[in-house]
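Please work from the sequences and hints to get the whole structure.
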Amino acid sequence: MKKVVIYSTYELSHQEIDKLVEKIPSLKNYQIVNQVDKSLIAGLVIKFADRIIDLSIKGRLNNISKKLYEET
Amino acid sequence: MSGLGIDIKLIIAQIINFFVFFLIFRRYLAKPFAKYLDEEERREQLKEKSEKILKEEEDRIKKEIEKHKKKLEIDYQKALEKMKTQVKDQREKLISQAQKEAEEIIIKAKEIERRERDQLEKETVRRAVELASMILTKALADFLDDKDQKNINRRIISHLKSIN
Amino acid sequence: MKKLDHLIEKAKSTIQEIGTAPIIKDYGQVLEVKDGVAIISGLSNVGYGEVVEFQNQVKGYVIDIDEERNGTIILGDYLGIKGGDLVFRLGYTLSVPVSKEMIGRVVNSLGHPVDGLENFTQTTNYPVEKIAPGVIKRKSVDVPLQTGIKVIDALVPIGRGQRELIIGDRGIGKTTLAVDTIINQKGQNVICIYCAIGQRNSKIASVIETIRENGAMNHTIVVSASASEPVSLQYLAPYTATAIGEYFMDQGKDVLIVYDDLTKHAWAYRQLSLILRRPAGREAYPGDVFYLHSRLLERACRLDEKYGGGSITALPIVETLEGDISTYIPTNVISITDGQIFLETDLFNSGIRPAVNIGLSVSRVGGAAQTKAMKKVAGKLKLDLAQYREMAAFSQFESELDEQTRQFLNRGARLTQILVQDKNQPLSLAHQVAIIYAAANGYLDKIEVTKVKESEERILSYLNQKGRRWLERVNKKNVIEEEDEVELKKLINEAL
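Residue numbers (numbering that gives the first Met the number 0), protein chains in the order written: chain A, 0 to 71; chain B, 0 to 163; chain C, 0 to 495.
No wet-lab data here; the hints were simulated from the structure. Just so it is clear, the structure is predicted and the values come from calculations on it, not from any experiment. Wrong hints could be hidden among the right ones.
Said to hold, decoys possible - Label-pair restraints from in silico Cβ distances:
#, chain 1, residue 1, chain 2, residue 2, range
1, B, E115, C, T123, 25 to 33 angstroms
2, B, K109, A, N61, 33 to 41 angstroms
3, C, D345, B, R90, 56 to 64 angstroms
4, C, G308, B, E129, 46 to 54 angstroms
5, A, N28, B, L119, 46 to 54 angstroms
6, C, L89, A, E10, 32 to 40 angstroms
7, A, K27, C, E8, 44 to 52 angstroms
8, C, L495, B, K109, 50 to 58 angstroms
9, A, K2, B, S157, 22 to 30 angstroms
The beta carbon of each residue, even a glycine, is placed where N, CA and C say it ideally should be.
Written as C-alpha cells, this is what we have:
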C-alpha cells in the first residue's frame, strides 16, 4: 500500500487525523505516516508520492516571498 | 743766294712737298681724326643720355618696388586677419563639438545611472522581502506555543474545502 | 524614489491578493542527472512540453514521458541539481516572453536579454512549439525579398515567406551571405532575426559587430545560443527565434529569420536524444530528426490578408563536409526548403565570391518573387550563363573554336566577373539591374576580363553621380520602361 507522509509541528492525535481524512477522502487508500517537522512554524504538509498539499505557514510565507520576488 | 746754300729749286720742291704732304695729311689723317673726335664727342653725349635714361629707369623701378612692397604688406595683413578669424571659427567649432560630445556622455551616464538605480531599488525590495519573511518566521516560531498550534491545525482542517 | 514606492505598492497589493487556498503542487524527485538531462520520478500528471522547476529555481522542459519516470531537459545550469531534489510542475507549456523592445537586442533561448542592458517590460508570451499555419491561412509567395547580392536576386531570387537553404562547406561565406541579406533589409520594413546555434562566441560577437557597423541593428534581433551554453538551450534557440518571428508576423509584419546553423542544432538534439536513450538511427541521429527541422521550417510562411498578411522568410544554413550534400541532414533540409543556394569551395578559391554554384542552386519560387525590372534583365543573364557553362569545357581550345562559341565564352566570362561581389556591399535593385543590363547586352564585351570589375565600379559610381534620378525612379517603380532603357543605355555609354 502506498504511503502518505503528513508533516506537522507536533504529533497529531487520532481525532485530528480522522478529521483530515473526512475532508480528504482519498487519504483512506493510503497508509498514513505522521512526521514532526518544527520548521513548518504551524500547519500541515501532506506529501503523496507525486503531490504535495501545503497547508503550513512556512509554505504560505515561501509562496508570498516567491511571488513578490518575481513581481520586481 | 747761291752762297747761302739756298737752292731755289730745292726750296720750291720742299714747299711743294710740304703742300702735297699737307694735302695728304689733311685728307687722310686730319679728316678722319676730326671725325674720330666728333665720334668721341657723340659717344660721350650718348653715354650721358643713356646714363640719364638708366637713372630714370632706376628711379622708376625703385618707385615700383616701393609700391609693391606696400601692397604686399597690405595683403599680408589681410591674410593674417583671415587666418585669425578662421582659427577662431575652428576653435569655436571644436568647442561646440566637444560640448555636444560632453552632453552625449552626460546623457549616457545618466541612462546608466538610472538603470543602476532601478536595479538597486529592485534589489532593495527583494532584500526587504527576504528580511520580512525571516522576521516573520522567527517571530511566529518563537511566539506560537503548543495550544496555538493545535488551534491553528483545527482551524485549517475545518476551513479545508473537500479535496479529492 | 518614485520607482521604489511603486514597487512597494505593488508588493503590498500582491500580499493582499494572495488567498487562503491550500497550495497544491505536483512534484517529482530527481533520479538521475546527465549532462543537461534530468530523469524524474513522480510528476505523474505532467504533460508533454510542460515546464517544471527544480529546487534551485532552474527550470526544465519535459520531453520524455514514461509510466514511472519523465525526462526533462534542464534549461540552465545543471550543476546545482542533486539526486533527490524536488521538482515542481508549473502547469504551463514552454513559452517565451516576446516584445517589441527586443528589436536591437541580444537575447538567449529563453527570451532573456544577454547584452547587459535593461530587461523587457511589456511582454506577451508566445509558445515555443506551435503547429504551423494551415493551408487555408496561407498565400502564395509573390513579394521579393531583396538580398542586395546580384547572383541571388537575379538567378536564385528569394520571396517573402519562402524558405531558402544556404548550404556549403565551412568558411565559404554562408554566414556572410545571410548577414548581407540582413544588412540590405534597411528601409525595407523587414524585421530580421539572427539565430546563432552552437556557434563560437567570437563569431557571434563579430556578426553582431558587423550588423551594428552597417546600421542594421535597429531592425534586427539576435537570439544567441553559443557553443558554451547548455545543449538544451541550443536545441530550443531556433524555436524561440520562430516564436519571436511569429509575434511580429501576427502583427502583419514581414520577418526574416536566419538559422545559423541547423547542423549544430541537429547535433544538440542528437546529444539529448542519446542521453534520453532514444534509439539511434542513421549517423546516430534519432528517428525524428526530420520532424525536428520540418516543424521548425514549416512555421515560415506567408499569411493571407485576412490573417494579417505578414510573412516569415527562413534562411536556414547547413554545413557540409567536403561538399557532400547527400548526407543525412543536408538531404533532409533540402527536401524541406523551397530551394537552396549551394556554395562551392572551388569557386571560392578561384576568386568567385559569393561562391554560388549557379547550376545546382535553385529557387522554387523563382520569377514570381522578382520585380519586373529584374526579370527583364535576368532572363538573358540566365541563358547566357547556361550556355557558358556548357561550353566552359572547351575554353582551353580557344583558337580552334568558331566565332559564335568564342562569343559565348567571352560573354560568359564577363558575366561571371560582374556577379562577383564584395562582402557587406549590398546593392539596390536599380544598381543591380543597371549592371546586369550592361553586361548582358554586350557593353563590357570589349573590356579585358581582369578589368571588368573596374568598369563595373566606374558604371556604378557614374550612376551615383549623374544617374541619381534614374536610380530613384527604378527603385520606386520596380519596372524598366522604354524611356528608362534608353536613358540607361546613354548613361552606360557615357560611363565607359
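Structure-based check of each hint:
1. B:E115 with C:T123: 25 to 33 angstroms: The hint (25 to 33 angstroms, Cβ to Cβ) holds, given that E115 (chain B) and T123 (chain C) are roughly 28 angstroms apart.
2. B:K109 with A:N61: 33 to 41 angstroms: holds (38 angstroms)
3. C:D345 with B:R90: 56 to 64 angstroms: holds (59 angstroms)
4. C:G308 with B:E129: 46 to 54 angstroms: holds (50 angstroms)
5. A:N28 with B:L119: 46 to 54 angstroms: holds (53 angstroms)
6. C:L89 with A:E10: 32 to 40 angstroms: holds (34 angstroms)
7. A:K27 with C:E8: 44 to 52 angstroms: holds (47 angstroms)
8. C:L495 with B:K109: 50 to 58 angstroms: holds (55 angstroms)
9. A:K2 with B:S157: 22 to 30 angstroms: holds (26 angstroms)
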